[in-house]
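**Q** Residues per chain, in single letters:
Number of protein chains: 2
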Amino acid sequence: MSSENKTIFDIDKEKDFPDWFGEICKVADLADIRYGVKGFTPFPPWSLMSMNLMFNVLEEVLQRKGHLPMLFPTVIPESNLTKEAQHVEGFTPQVFWIENIGDGEKLEEKLALRPTSETAIYPMYSLWVRSWRDLPLKRYQRCSVFRSEIKSTRPFLRGREFLWIESHNVFATHEEAKAQVMEDLETTKEAVTDSFCLPVMVFRRTQWDKFPGGLNTYAADTLMPDGKVIQLPSTHDLGDNFAKAFDVKYLNEGNEATYAFQTCYGPAVSRIYGAMISVHGDNKGLRLPFGIAPYQVVIIPIFKGQDAETVTKYCKDIEQKLKKAGFRTHLDVSDATPGWKYNFWEMKGVPIRLEAGMRDIKQEKVVLFRRDTMKRTSLELKNLKKQVAAIGKEIDASLLKMAESRFEGLIVDADTLSAVTDALEKGKVARIPFCTTEMEGLPCAEEVKDRTGGEIRGTRIDIDEKPEGVCTVCGKVAEAVVYVARSY
Amino acid sequence: MSSENKTIFDIDKEKDFPDWFGEICKVADLADIRYGVKGFTPFPPWSLMSMNLMFNVLEEVLQRKGHLPMLFPTVIPESNLTKEAQHVEGFTPQVFWIENIGDGEKLEEKLALRPTSETAIYPMYSLWVRSWRDLPLKRYQRCSVFRSEIKSTRPFLRGREFLWIESHNVFATHEEAKAQVMEDLETTKEAVTDSFCLPVMVFRRTQWDKFPGGLNTYAADTLMPDGKVIQLPSTHDLGDNFAKAFDVKYLNEGNEATYAFQTCYGPAVSRIYGAMISVHGDNKGLRLPFGIAPYQVVIIPIFKGQDAETVTKYCKDIEQKLKKAGFRTHLDVSDATPGWKYNFWEMKGVPIRLEAGMRDIKQEKVVLFRRDTMKRTSLELKNLKKQVAAIGKEIDASLLKMAESRFEGLIVDADTLSAVTDALEKGKVARIPFCTTEMEGLPCAEEVKDRTGGEIRGTRIDIDEKPEGVCTVCGKVAEAVVYVARSY
Chain A
4 MSSENKTIFD IDKEKDFPDW FGEICKVADL ADIRYGVKGF TPFPPWSLMS MNLMFNVLEE
64 VLQRKGHLPM LFPTVIPESN LTKEAQHVEG FTPQVFWIEN IGDGEKLEEK LALRPTSETA
124 IYPMYSLWVR SWRDLPLKRY QRCSVFRSEI KSTRPFLRGR EFLWIESHNV FATHEEAKAQ
184 VMEDLETTKE AVTDSFCLPV MVFRRTQWDK FPGGLNTYAA DTLMPDGKVI QLPSTHDLGD
244 NFAKAFDVKY LNEGNEATYA FQTCYGPAVS RIYGAMISVH GDNKGLRLPF GIAPYQVVII
304 PIFKGQDAET VTKYCKDIEQ KLKKAGFRTH LDVSDATPGW KYNFWEMKGV PIRLEAGMRD
364 IKQEKVVLFR RDTMKRTSLE LKNLKKQVAA IGKEIDASLL KMAESRFEGL IVDADTLSAV
424 TDALEKGKVA RIPFCTTEME GLPCAEEVKD RTGGEIRGTR IDIDEKPEGV CTVCGKVAEA
484 VVYVARSY
Chain B
4 MSSENKTIFD IDKEKDFPDW FGEICKVADL ADIRYGVKGF TPFPPWSLMS MNLMFNVLEE
64 VLQRKGHLPM LFPTVIPESN LTKEAQHVEG FTPQVFWIEN IGDGEKLEEK LALRPTSETA
124 IYPMYSLWVR SWRDLPLKRY QRCSVFRSEI KSTRPFLRGR EFLWIESHNV FATHEEAKAQ
184 VMEDLETTKE AVTDSFCLPV MVFRRTQWDK FPGGLNTYAA DTLMPDGKVI QLPSTHDLGD
244 NFAKAFDVKY LNEGNEATYA FQTCYGPAVS RIYGAMISVH GDNKGLRLPF GIAPYQVVII
304 PIFKGQDAET VTKYCKDIEQ KLKKAGFRTH LDVSDATPGW KYNFWEMKGV PIRLEAGMRD
364 IKQEKVVLFR RDTMKRTSLE LKNLKKQVAA IGKEIDASLL KMAESRFEGL IVDADTLSAV
424 TDALEKGKVA RIPFCTTEME GLPCAEEVKD RTGGEIRGTR IDIDEKPEGV CTVCGKVAEA
484 VVYVARSY
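Chains A and B supply the protein sequences, listed in that same order.
With the working numbering as the guide, the letters of the first sequence map in order to residues 4 to 491.
With the working numbering as the guide, the letters of the second sequence map in order to residues 4 to 491.
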């Protein structure tokens, strides 16, 4: 974690979010866009360490709910990829193909870099699932996936290689599959909201916006600083569509071969990381939640020449004490000035900074600075471990609260498209009565998109909303209340 | 972890190792070779969970020694790959190439799936390393790599996609780089020997067998049940060769631009897993070290009809107690018979099995079975946690000891090639005086290979050996003592 040539970070995040995002990726060493291949970015330690902690959170929740980890190959034979018609149509334009090895030896069959792994995994599930005793089968893998984005790419938010978990489950009945979808939404809440401090709205997507080949897609959206929404984890009720395409059958208790029901769930950790730093950051740089900061506490010794040894020893003791208590702690003994170090670690988003000098030593105290509130307090050394744990929790609660406050007054009811446009231009999300989220509604959705620049995110499933009146676009009786937002 | 249709495993590992290996991969659900692409195998939970634990061990050691994690893209542009001449010659024949996207859109530049990441990482190191203050730079990544093996493939031991850690380090001086190589060999010992219970011999490879583009390669070999040796982690002193090819320079304290020295280290976790199950397994199946078994303890309730509830509750209490103490514990409540469960979990290699029935409950005891010795003892329930921890350690020590015993009398001194052949045919490793491990020795090495089927593994660096007499092949004065073995 080189700390050279860094200056004070000061960019107005609300005013110029793209600039803020690009600069923080560079200055905080989060992603290096100079790799030379569009959409592929190396992740240096500061971002990867947080993403690893995020993976740990998700894996802990998934394992607690009965999922086991597995790992499938990165490549998928072309013949697998083409087995489910809608799925292949949805993903093929984005696929990277391998056709040759070495100095030009041609492969017998083209291989795709996985854009998602249904077509890799389900042919094996067809062999692994034999009887009702094998069900439910709940598995996940943690891996990279590859999609050639046509739009311009941005680190974390839209890359051509991104990091995710994909969970693939098989059930005897559709009811169990639908219950799994609800469990996945709860998992999203536990990870994304409780640990990464991001509030979400949960939608059932429209039929034209669902996972290709599935029955229904449910997804959590959060709000970015530029007023656009971004999709965080999505979970898919696949019905028995894929089971039929890939022959995933089980013998039921009556010994009859029966198609299974499937779900898949895909929290894209690199994308969630991008959203998380965007939502929590401020004009001075990152503000990382306590639970997923690579360093939770940074310690800065303050001294003049002759006190160096005494102060450094005091700080080292604090470091050892906190490390032993399980806190990720870093003592900054570089030769920069304290003021420079303050700015640097504030920019890096470390939640808690401790400062100690001769005066603190005499009082057996230490100064604690909170990155979220930018406030200092003086603490008794003997209470430190307890205080760090408690303040860590407070910081996470405070980041979530600040993020939630941006949701207040966010949703505006509209009954004309010009009211929708007005709302979107003010960075709001419009709620409208709409004819239908079935395929017949697509022309109305396209008109919304053309006239307002907003996309229909679907119907809320975390709150109960009954449609009244007529569709804002076509005037037919409204069957749904939908949300319109600009989006990533 | 489906437990259907499994029969008692009984294959003579020493007599028919290839059959043993193929069958255990299938029966214990370690790898599924039916994926349909040569050399690419899905890893089900039972192998992946152990490999994840192995990754954790290696990452803990690397981080403790000052390495930080990072992650580079899976793809490398062709122009990077061709920058170091020997390196490109060594790896290009094995590279998978991506040239097209979607329905035939051609990429501006061909992309390689990384066969190893020097050529991805070092162009960025050229940008990241500016001054002596940035050094040493110690980083690693955990990822898949891709090499199109020409020889026949086998799960874990030789795949075309395998799992590894690669550590890439930059130093101001060659001395520091060489010290890093020694640190890496120590890391190998901590992980491979202390945690995975595999004894190793450590060699400096010959100049014709080193990492392409490096100065020297050091590697640890272990012995497989068929008498062949297999390379486990290797570490490379790259000198400043790659620094010159990729322009990795730093300003020294006198402000002069200076080429840096580099090392890389590549423990291939999937391959080490393959070696580990081969070495420790027996005719009844796997025997996993306690530290890396997905389940360290399996509990089998023993009851007749009316006692079901009492016994199951007793076992559940034990399960909770052990889980709370941090042991990976599984209570098998499936409706198979106890005898069937015994065989199944023995085949899976779970180190400790607990059995409890009405008699044990009355005595507040439990029966403990050790997979390594196949012996049962009865324990007081109140001592269980302590005993499980202690016996876990004993099991690891006993597996290592059994593996080490196969090294006794393994090395045979030879002074003719027919004596080498004799030794190899008896499953031994031959030690011979040899002209030189510099490139001039290659013709002699080729003659050894042709006439004995053995490969020269290099000179030992973990013990001090001085050559005496003349080269076994050409009769020139011997400059080295080398080891000849059949190998993977």
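A few of these clues could be false.
For identical chains, the list gives no copy identity; a pair is met inside one copy or between any two copies.
With a Cα cut of at most 25 Å, we get these calculated SDA-like pairs of lysine to any residue [unchecked claim]:
no., residue 1, residue 2
1, K247, E482
2, K429, L382
3, K319, L138
4, K396, Q89
5, K16, F410
6, K316, R136
7, K16, D229
8, K141, R454
9, K287, R331
10, K113, E102
11, K404, D467
12, K385, Q366
13, K141, N59
14, K287, K368
15, K324, E62
16, K16, N103
If you are wondering where the hints come from, they were derived from the structure by calculation, not from laboratory data.
**Q** Does each hint hold? Answer for all of them.
**A** Hints and how they fare:
1. Taking the shortest Cα distances, K247 and E482 never come within 25 Å of each other, neither inside one copy (31 Å) nor across copies (67 Å).
2. With identical chains, the CA atoms of K429 and L382 are never at most 25 Å apart, being 44 Å at best within one copy and 71 Å at best between copies.
3. With identical chains, the CA atoms of K319 and L138 are at most 25 Å apart between copies only, with a shortest distance of 23 Å across copies and 53 Å within one.
4. Within a single copy, K396 and Q89 get their C-alpha atoms no closer than 45 Å, and across copies no closer than 54 Å, so neither meets the 25 Å cut-off.
5. In this assembly of identical chains, K16 and F410 lie within 25 Å of each other by CA distance solely inside one copy; the values are 17 Å within and 64 Å between copies.
6. In this assembly of identical chains, the alpha carbons of K316 and R136 lie at most 25 Å apart only when taken from different copies (23 Å versus 61 Å within one copy).
7. In the homo-oligomer, the alpha carbons of K16 and D229 lie at most 25 Å apart inside one protomer (9 Å), although the nearest pairing across protomers, at 64 Å, exceeds that limit.
8. Taking the closest pair of Cα atoms, K141 and R454 never come within 25 Å of each other, the shortest separation being 43 Å inside a single copy and 53 Å across copies.
9. Proximity of K287 and R331 under a CA criterion of 25 Å is satisfied intra-copy only: 22 Å inside one chain copy versus 44 Å between copies.
10. Taking the shortest alpha-carbon separations for K113 and E102, both the intra-copy value of 5 Å and the inter-copy value of 11 Å come in at or below 25 Å.
11. When the C-alpha separation of K404 and D467 is checked against a cutoff of 25 Å, the pair qualifies only within one copy, where the shortest distance is 23 Å, while the shortest distance between copies is 65 Å.
12. In the homo-oligomer, the alpha carbons of K385 and Q366 lie at most 25 Å apart inside one protomer (11 Å), although the nearest pairing across protomers, at 47 Å, exceeds that limit.
13. Both within a single protomer and between protomers do K141 and N59 lie at most 25 Å apart by alpha-carbon distance, with minima of 18 Å and 23 Å respectively.
14. Within a single copy, K287 and K368 get their C-alpha atoms no closer than 27 Å, and across copies no closer than 61 Å, so neither meets the 25 Å cut-off.
15. Taking identical chains as interchangeable, the C-alpha atoms of K324 and E62 lie at most 25 Å apart only when they sit on different chains, with a minimum of 23 Å there against 29 Å within one chain.
16. Taking identical chains as interchangeable, the C-alpha atoms of K16 and N103 are never at most 25 Å apart, the minima being 46 Å within one chain and 38 Å between chains.
Hint compliance for this structure: hints 1, 2, 4, 8, 14 and 16 are broken, all remaining hints hold.
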